[in-house]
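We have chain A; now place chain B onto it with these hints.
Listed in order, the protein sequences are those of chains A and B.
All residue numbers for the first sequence refer to UniProt numbering, where the first residue is 1 and numbers rise by one.
All residue numbers for the second sequence refer to UniProt numbering, where the first residue is 1 and numbers rise by one.
In this list, chains with the same sequence are indistinguishable; a pair is considered to hold if it fits within one copy or across any two.
Computed cross-link-like contacts, BS3-like style, restricted to lysine-lysine with a CA-CA straight-line distance of at most 25 Å:
#1 Lys60 / Lys307
#2 Lys315 / Lys159
#3 Lys60 / Lys111
#4 Lys100 / Lys41
#5 Lys111 / Lys9
#6 Lys41 / Lys111
#7 Lys41 / Lys101
#8 Lys202 / Lys323
#9 Lys101 / Lys307
#10 Lys323 / Lys232
Because the hints were derived from the structure by calculation, they are not lab data.
Residue-level listing of the chains:
2 protein chains.
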Amino acid sequence: MPTIQDIAKLAGVSAATVSRAINSSGYVSAAAREKVNEAIKELNYAPNKNAQYLRTGATKNLGIVSTQFNETVLSRINPFIDEAYSAGYTTTLFITNGEKKREREAFDLLKSKQLDGIFLIYRANDWHTLESYADYGPIVTLHNVASRRIPSVFIDHYKGMRLALEYAWDIGCRRLLNVYGTPEGLNTQRRLDAYRDFHLEKGHSPYSSEPFFHIGSDESIDRLIQWIASQKEKPDVITTHSDTAAALIVSRLRRSDIDVPNTTAVIGFDNLPISDMMNMTTVDYGIEDQGRNACRLLLHHLKDESKPLIPLSFKLIKRGTTK
Amino acid sequence: MPTIQDIAKLAGVSAATVSRAINSSGYVSAAAREKVNEAIKELNYAPNKNAQYLRTGATKNLGIVSTQFNETVLSRINPFIDEAYSAGYTTTLFITNGEKKREREAFDLLKSKQLDGIFLIYRANDWHTLESYADYGPIVTLHNVASRRIPSVFIDHYKGMRLALEYAWDIGCRRLLNVYGTPEGLNTQRRLDAYRDFHLEKGHSPYSSEPFFHIGSDESIDRLIQWIASQKEKPDVITTHSDTAAALIVSRLRRSDIDVPNTTAVIGFDNLPISDMMNMTTVDYGIEDQGRNACRLLLHHLKDESKPLIPLSFKLIKRGTTK
Numbered sequence: 001m002p003t004i005q006d007i008a009k010l011a012g013v014s015a016a017t018v019s020r021a022i023n024s025s026g027y028v029s030a031a032a033r034e035k036v037n038e039a040i041k042e043l044n045y046a047p048n049k050n051a052q053y054l055r056t057g058a059t060k061n062l063g064i065v066s067t068q069f070n071e072t073v074l075s076r077i078n079p080f081i082d083e084a085y086s087a088g089y090t091t092t093l094f095i096t097n098g099e100k101k102r103e104r105e106a107f108d109l110l111k112s113k114q115l116d117g118i119f120l121i122y123r124a125n126d127w128h129t130l131e132s133y134a135d136y137g138p139i140v141t142l143h144n145v146a147s148r149r150i151p152s153v154f155i156d157h158y159k160g161m162r163l164a165l166e167y168a169w170d171i172g173c174r175r176l177l178n179v180y181g182t183p184e185g186l187n188t189q190r191r192l193d194a195y196r197d198f199h200l201e202k203g204h205s206p207y208s209s210e211p212f213f214h215i216g217s218d219e220s221i222d223r224l225i226q227w228i229a230s231q232k233e234k235p236d237v238i239t240t241h242s243d244t245a246a247a248l249i250v251s252r253l254r255r256s257d258i259d260v261p262n263t264t265a266v267i268g269f270d271n272l273p274i275s276d277m278m279n280m281t282t283v284d285y286g287i288e289d290q291g292r293n294a295c296r297l298l299l300h301h302l303k304d305e306s307k308p309l310i311p312l313s314f315k316l317i318k319r320g321t322t323k
Numbered sequence: 001m002p003t004i005q006d007i008a009k010l011a012g013v014s015a016a017t018v019s020r021a022i023n024s025s026g027y028v029s030a031a032a033r034e035k036v037n038e039a040i041k042e043l044n045y046a047p048n049k050n051a052q053y054l055r056t057g058a059t060k061n062l063g064i065v066s067t068q069f070n071e072t073v074l075s076r077i078n079p080f081i082d083e084a085y086s087a088g089y090t091t092t093l094f095i096t097n098g099e100k101k102r103e104r105e106a107f108d109l110l111k112s113k114q115l116d117g118i119f120l121i122y123r124a125n126d127w128h129t130l131e132s133y134a135d136y137g138p139i140v141t142l143h144n145v146a147s148r149r150i151p152s153v154f155i156d157h158y159k160g161m162r163l164a165l166e167y168a169w170d171i172g173c174r175r176l177l178n179v180y181g182t183p184e185g186l187n188t189q190r191r192l193d194a195y196r197d198f199h200l201e202k203g204h205s206p207y208s209s210e211p212f213f214h215i216g217s218d219e220s221i222d223r224l225i226q227w228i229a230s231q232k233e234k235p236d237v238i239t240t241h242s243d244t245a246a247a248l249i250v251s252r253l254r255r256s257d258i259d260v261p262n263t264t265a266v267i268g269f270d271n272l273p274i275s276d277m278m279n280m281t282t283v284d285y286g287i288e289d290q291g292r293n294a295c296r297l298l299l300h301h302l303k304d305e306s307k308p309l310i311p312l313s314f315k316l317i318k319r320g321t322t323k
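With the rest of the complex left out, here is chain A (with noise of 0.2 Å):
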């Protein structure tokens, strides 16, 4: 790797020359100039950025911290990399496995300025621990976190929840079914909410009174089929709070003889790639444009130039899994 001496030695200048040459800062003659570059350019030298970087304090990284990197969120992630570089930003991803320490670890890179910002995806720690970190680059996320010091690209589970529960009951399900993530997520009290408000307002006794939580895993969702082979009044309809959830749901109904849609129906959530390829009913919300927004708050934050945040809104996307 050539040196700054190197190239000073082959263009006949001072080192300092070469260094105002390359940093362009401070006088330099057109004539050394044009040494120093072809100097350049014939040792193939390319300025340590880690120098430039401690000089200028910032990285031009941002992160994106999950705690699994699934479907979901690459659908969020291909536009968010994708606005990043338009900006003149990389992007580093950090999969937590839900392990403390190691989200720590991704958000200490704030402190340590190898990071300029980061979106949070799924969390592993209290926001109050992580909020702290806000001292040191700004931290956006997609939850309904209740921190000034945390800005969200969220929108409410609540109205995607009472779409795909109106749409449920207009084309004749009385049994309906609501499945969840981690009952500490914001947005499952939403849709729990949701739920309740639905039957409330209907005047219609909910279908089951337990909620079904932490559905995602192979186990979890076999767990759900067994019950709902078992139940002698099956629920006509399945909603859910993710398409992958429910792709799972679909084929495991299936597999044992459940009758997708006439039987139990499922509708989705987040319409991703694969309930298309599954011809799945779901809610859509423009799940790739939370992922460009995520991008744009944080380049916000960071005063770089950013375009404005696009508005998301929920849309039933009608196909097979539902009559």
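Positioned in the frame of chain A, the structure of chain B alone reads:
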């Protein structure tokens, strides 16, 4: 952000002592070290990693470069990130959208020491261009590239393709249609070889003499399905190069009222989660272990301690898209 001077002031020692304590270089008395550590804690100081990296010439950061970022890529990235994390490395993701310049920008980070190594998944530039970067850090790929400078976690698709064709033959298929990705890809060449050799050995005429290349996007598969719908003698099996392509083919055949598997069977490739959800027959070769191996191979070259490579082999997974 506190500086070394701030710590020195609070600890009542010289800046040089603080520097020696932080960098574990040179003598520092136990009493001074304790005072420094207390000051670091009180001031919430984190050393600027870019300064450390400047000193050591390593960034402990690996890059993954790909033209696109889909479920197939996802299956390799997760184990890669996991393996990298165990060895103390972070992972930065570069999606190039097939733009040559954007890919070269990612590779330039090897020169500027922001990346220690690169795992190249789908490339935009020719091998000759990319090979020149191996001067600056190890590059690993999964393609069968004839380069001694770029090692590979390549698995020969010929064998996997033969496995799919033999199985289709055994269950009575005689009109075998194979579809491909990019014609320039070396995997495609091996798949064409397998298709030709198979038919020669069986003494059987290929179903179609025109190979279907570039199968993957919605549009390409719409064209394929239209062509199939227009054929009097439809293929009784479609063998593919990827589960994502196969999933879209199954979905679109069914939408066109072509019965899968009774009219046309479909065999995927990669054994991704989607093949399980869609109950799709596919070819497995340990795609996750391939991602893990890519990281281990980079670590071997970086002279870090690293685990041995995991052997990969093909296995047919029989599911519901074949009779």
